[in-house]
Amino acid sequence: MRVITRQIEVEIPADSGMKDITSLIADLLQETGLEEGSVNVFVPGATGSISTVEYEPGLQEDVPDALERLAPEDIDYKHHQTWNDDNGRSHVRATIMGPGVVFPFVNGKLELGTWQNIIAINHDTCRRKRKVVVQFMGV
Amino acid sequence: MRVITRQIEVEIPADSGMKDITSLIADLLQETGLEEGSVNVFVPGATGSISTVEYEPGLQEDVPDALERLAPEDIDYKHHQTWNDDNGRSHVRATIMGPGVVFPFVNGKLELGTWQNIIAINHDTCRRKRKVVVQFMGV
Amino acid sequence: MRVITRQIEVEIPADSGMKDITSLIADLLQETGLEEGSVNVFVPGATGSISTVEYEPGLQEDVPDALERLAPEDIDYKHHQTWNDDNGRSHVRATIMGPGVVFPFVNGKLELGTWQNIIAINHDTCRRKRKVVVQFMGV
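As given, the protein sequences belong to chains G, S and X, one line each in that order. Residue numbering for the first sequence follows my numbering, starting at 1 and increasing by one per position. Residue numbering for the second sequence follows my numbering, starting at 1 and increasing by one per position. Residue numbering for the third sequence follows my numbering, starting at 1 and increasing by one per position.
A hint or two may mislead.
Same chains, same label: a pair holds when it works inside one copy or across any pair of copies.
Simulated pairs of lysine-lysine, DSSO-like, Cα-Cα distance not exceeding 27 Å [stated by the list, open to error]: (1) K19 - K129; (2) K19 - K78; (3) K131 - K19.
Since the hints were derived computationally from the structure, they do not count as laboratory data.
Next up, chain G with everything else stripped away, as it sits in the complex (with noise of 0.2 Å):
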């Protein structure tokens, strides 16, 4: 049993824009030679998320414009009063999704459905380089 932590970078459009990684997390996976267990990936950062999706551009704004409903844009923040900034919505979604996922894989491969594709979440309002904490957990 191992432990075995990497780390990605990764651009990111705003307001909950997203980026799939699952092709640079199953890279890291074979590079690590592990064979079964899993990979946490993690987003440090108040304002990130972790998620898996069909990733097309159609649900790369339909996912937003749920986020929208649930915080909008429009909308006083009492953040905004705390700091002067302006991204409360950006906070508020990144807390009720979660910052991380962990993925099972066995045979060295991610257990992943076929139209499903690990994404990394920018909820900021500004377009954004992340970092990404990918760790694995097997043998």
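Start from chain G and add chains S and X according to the hints.
What follows is chains S and X alone, placed relative to chain G:
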């Protein structure tokens, strides 16, 4: 320290319907003989989720009702234009809730609350048999 | 590779109130002596959640406000009919947010962003002392 990966298949109602899989997971845990560690319960596929709930008939309606506020059935989804599909809401709900949860166990028993059950959720628009990956790590 | 399971108890305000537990988790991590691995922070109970947030007073109102849009206080819940209970919204919020998060650590330190704190959330309708399971795995 060992890794043991199993798989179950459960039939789940449509539109964020849910199925209690607590006893299935507990039985698999007992079979492993592991005493302390965690089990990653993960749905491959872009329209499923794992979570917990007090499993009684009321909440089996209340949870889908809330998800209907977040991603309603009767609005347009860009996803429908991409594939001529009808399940945009299913994808959006799955991405926001996430595909898996990691549960700790101690003394061979899941650390759940008394009225807390593990559920697999099917956000898709038709009743589906869904595969669930169940991966144990521990001693 | 070792597994070490601890437990903390925290008192948390009602209605998706939150408590910063970052330093409690960091202290437990230091006590384990582990250098690289992950810690599963998990709430037993069907009305609690774990997530991260920039822990400042504004967001402690903004996050519950958004959850109130998702599962409002003043609507009927089928759950209330089942048990004559009043906390349907609490259950719904907990199921959608999920009960736990797995945090990676490296060099004995949690891989969090500078303004990212680990929080335990109490969605229930009364202030509650909640148990949180804290399970470390690593080397």
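*Numbers of the earlier hints that this structure fails to satisfy, in rising order*: none
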